Amino acid sequence: GAGVSQSPSNKVTEKGKDVELRCDPISGHTALYWYRQSLGQGLEFLIYFQGNSAPDKSGLPSDRFSAERTGGSVSTLTIQRTQQEDSAVYLCASKGFKNTGELFFGEGSRLTVL
Amino acid sequence: RKEVEQDPGPFNVPEGATVAFNCTYSNSASQSFFWYRQDCRKEPKLLMSVYSSGNEDGRFTAQLNRASQYISLLIRDSKLSDSATYLCVVKGGSGNTGKLIFGQGTTLQVKP
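Protein chains in written order, with the working numbering: chain A, 1 to 114; chain B, 115 to 226.
I should point out that these hints are in silico values taken from the structure, not numbers from a laboratory.
On a predicted model such as this, the values are computed, not experimentally measured, just so you know.
Here a beta-carbon is modelled for each residue, glycine too, at the ideal position from N, C-alpha and C.
Do not take every clue at face value.
Unchecked claim - Derived contacts from chain B toward chain A, CB cut-off under 10 Å, selection only: (1) 118; (2) 120; (3) 125; (4) 152; (5) 157; (6) 201; (7) 205; (8) 214.
Said to hold, decoys possible - Partner residues are not named here, just some residues of chain B that face chain A (Cβ under 10 Å, in silico): (9) 156; (10) 174; (11) 215; (12) 218.
All chains should be built: construct the whole structure from the sequences, respecting the hints.
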């Protein structure tokens, strides 16, 4: 499709398990962002990739969280040893090269940690 | 202190009302500003950019006050379809300028 694609759309896991969330951005978009949104809350910035530059990881809440972007396209967000407080919707967004603030979001991956 | 702060509301207004939301940001080096809209259980979408001189898009007016570090959104003649959460977004600052920081959002409910 033409939009940002995220998978899985829903993930239920047990505390302590590792999870991987995938984001496939819009083709040609150079910037990719990960946010998480807890119920009734705003978007919390996690990490930002821009082209081949080093990612801005300043929003990752702990060292259990990591993300990579292979080949400047698909990105994977990995959460190790999940905790109940990790339960949230994880949103990925991409942005083209134009200097605007328009992010195109995927529908998110809803993570529930039991 | 959060980098971007908004009154979460909710703001409950009748159809046809004028409603205004404010947002403050902490980083004086921030460069660009936006309002996004998020419908319930949907992803956020860009509503409008905010320019220094102020800008208007139909019933929506956005303004920026750099000295006081706040941004506003005015909605005139509210429609039922305006019911949503409005997110203030700030881009840039010292260091990496590509990061976009979202406020927690202000919820608007327009009643018939």
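Cross-check of the supplied hints:
1. 118: holds, 8 Å
2. 120: holds, 8 Å
3. 125: violated, 16 Å
4. 152: holds, 9 Å
5. 157: holds, 4 Å
6. 201: holds, 7 Å
7. 205: holds, 5 Å
8. 214: Hint holds; residue 214(B) Cβ to chain A Cβ min 6 Å, cut 10 Å.
9. 156: holds, 8 Å
10. 174: Status violated, d = 15 Å.
11. 215: holds, 6 Å
12. 218: Result: holds, 3 Å to nearest chain A Cβ.
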